[in-house]
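**Q** Read off the chains here:
2 protein chains.
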Amino acid sequence: MRIVRSIPELRVALKTFRDGGQSIGFVPTMGFLHEGHAALIRQSMARCDTTVVSVFVNPTQFGPGEDLAKYPRDLERDQNLCLKLGVGTLFIPEPAEIYPTGFTTSISVGPMGDLLCGMFRPGHFRGVATVVTKLFNLVQPDLAFFGQKDLQQTSILRRVVKDLNLPVDILVVPTVREADGLALSSRNAYLSPEHRKLALGISRGLFAAERRFQEGERDPGTLAEGVRSALAGMDEIQYCEAVDPLTMDLLAGPITRPAALCVAVVLGGTRLIDNVLLSPTGEAAQFISHLDPPGGNA
Amino acid sequence: MRIVRSIPELRVALKTFRDGGQSIGFVPTMGFLHEGHAALIRQSMARCDTTVVSVFVNPTQFGPGEDLAKYPRDLERDQNLCLKLGVGTLFIPEPAEIYPTGFTTSISVGPMGDLLCGMFRPGHFRGVATVVTKLFNLVQPDLAFFGQKDLQQTSILRRVVKDLNLPVDILVVPTVREADGLALSSRNAYLSPEHRKLALGISRGLFAAERRFQEGERDPGTLAEGVRSALAGMDEIQYCEAVDPLTMDLLAGPITRPAALCVAVVLGGTRLIDNVLLSPTGEAAQFISHLDPPGGNA
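These protein sequences, in sequence, are chains Y and B. Counting in the working numbering, the first sequence runs from 4 upward without gaps. Counting in the working numbering, the second sequence runs from 4 upward without gaps.
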């Protein structure tokens, strides 16, 4: 495994693969890797000739009061995991490598960036869209892998990739969960044992709604209300909504096309998100990677 | 010469060159080609294995009251010129091919986009940055060629390319002029014979300032004032300033580094821009292509 920290090093490292006609898979992360990241890396290993993982805690996607400074880091463990999984190239840039003096450009995805998480984290998705576009341009991967837990992020990136004609395909990998159901997240490390127990309400509420959907409930309001009732112990429910998984628009009428139930809560100062996909045709776990953003050509 | 109108056709046409390891030069235009465009195409032909020209009158870079509807078009003449110059691929997309239903993403270059032309054309450079990034991602050229007449555009695109790590180099080609000095522009076609004569004040004023600079005048205000006095006959002087050619910031003190005198006027309803470069070390015409945007790594 090659570990590179500078952009010129990265370009040199990847040129060999590109010139050799090898396909490149890419897993961008903020580090503190867990089994969710491992699932992305395994998918990439299985589908591409070589896999690039980046570890970069991107300052521009954190707001003023957020957890940038205390975001968990463990580079040594991240390196060992990547090595064990067979990653070809690990890219660990410093912020100044990504945002040198004079940097001013940003990418906005439009209205979708202001919905759900965007309402509570102004500027977050601008930061995400900009840094991921930069990383795509640096790595020039054939495929890039993202976790379904960050559903809005994946939809925004699909939109950006399609709108800017970026030559990369995005694959969304189903959320990996603890045995009891909690979605894996680097931020779970913040939770006290008590909050860790309470957090289970999120996945329990979502799974219960999923069952009601499978049993025939199609009203988005009723399903979201069901989830909401399972979130009683939370400090704050930022949102709990049934949405179109590609546009994040709230669903008005009965669910006849793929939908998503999305939740964001705050628990003991920690912000947690989760979601489940609802597919009227039944293949919820699989359908998302086959969906294209609405409209036009590729 | 291959003429392509759809994105899939373009990707197929260019794959052959890319797979063959050939270098691709790109000249994005809004059509109604003149000798200025021809100079860009010749530069590309001389430096790259194959040249792609796009003709696309980009609606998103025109404001509400601007000349989108009447912007001059002559596709047959454009095709013939490209054929004569040896262009390999001519890309002529319809607006719906570039902006399909659902399109929402945009790129902002930050403060530079609000200076000079940006003050008078709000949103213009957002439109330019977005469409050119799209075209870069579609064509994936090694080199892209732009005319010095649109100096602010070139500086904004260099900034975007650098900030987003787009794998392309931008070359700026000196402005091509009529025998009497008027900078070539598709919009010159709008000028009445009388306004055509008056328009000469722009280049005359700029050339006079250039001479004063060569004779030792280094005060940016004095030089700009000199140009301004040559613009007496115009309906409106939108700006006439000495600026840093890479940031478009107004110059405060004496000129000790490369500078540009930039002018925008309105004449009989037609907006005209022009500029000259001032280089204290003397190689004004050449230096611009060797300049990088301020800051950091590539």
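Hints were generated in silico from the structure; no laboratory data involved. Be aware that a few hints might be false.
Unchecked claim - These stretches of chain B come out as covered by chain Y in the derived footprint (C-beta under 8 angstroms, 3 or more residues):
| # | region |
| --- | --- |
| 1 | 33-43 |
| 2 | 110-117 |
| 3 | 166-178 |
Unchecked claim - List of simulated lysine to any residue pairs, SDA-like, C-alpha gap at most 25 angstroms:
| # | chain 1 | residue 1 | chain 2 | residue 2 |
| --- | --- | --- | --- | --- |
| 4 | B | K18 | Y | P114 |
| 5 | B | K87 | B | A192 |
| 6 | Y | K18 | B | D52 |
| 7 | B | K18 | Y | T19 |
| 8 | B | K73 | B | R207 |
| 9 | B | K18 | Y | S26 |
| 10 | Y | K18 | B | G23 |
| 11 | B | K18 | Y | K200 |
Being a predicted model, the structure only gives us computed values, none of them experimental. Positions of the beta carbon are idealized from the N, C-alpha and C atoms, including for glycine.
**Q** All hints are to be evaluated individually against the structure, with a verdict given for each.
**A** Right, here's what the structure says about each hint:
Chain Y is given as covering the region 33-43 of chain B, and this is violated because 0 residues of the stretch bring a CB closer than 8 angstroms to a CB of that chain, at least three being needed. Coverage of the region 110-117 of chain B by chain Y holds. Counting CB-CB distances below 8 angstroms, 6 residues qualify, and the rule asks for three or more. Under the rule that three or more residues need a Cβ within less than 8 angstroms of chain Y, the assignment of the region 166-178 of chain B holds, with 5 such residues. Straight-line distance between C-alpha atoms of B:K18 and Y:P114 comes to about 34 angstroms, which puts the hinted pair past the 25 angstroms bound.
A C-alpha spacing of about 22 angstroms is found between B:K87 and B:A192, which places the hinted pair at or below 25 angstroms, so the restraint holds. Taking the CA atoms of Y:K18 and B:D52, the gap is about 20 angstroms. The hint holds against a cut of 25 angstroms. A distance of roughly 19 angstroms separates the Cα atoms of B:K18 and Y:T19; the hinted pair therefore holds under the 25 angstroms criterion. Among the hinted pairs, B:K73 with B:R207 is inconsistent with the structure: their alpha-carbon atoms are about 28 angstroms apart, more than 25 angstroms.
The suggested pairing of B:K18 with Y:S26 holds, with an alpha-carbon distance near 15 angstroms, which does not exceed 25 angstroms. For the suggested pair Y:K18 and B:G23, the alpha carbons sit about 16 angstroms apart, so the restraint of at most 25 angstroms is met. About 54 angstroms separates the Cα atoms of B:K18 and Y:K200, which puts this hinted pair outside 25 angstroms; it is violated.
Checked against the numbered hints given earlier, this structure breaks hints 1, 4, 8 and 11; the rest are met.
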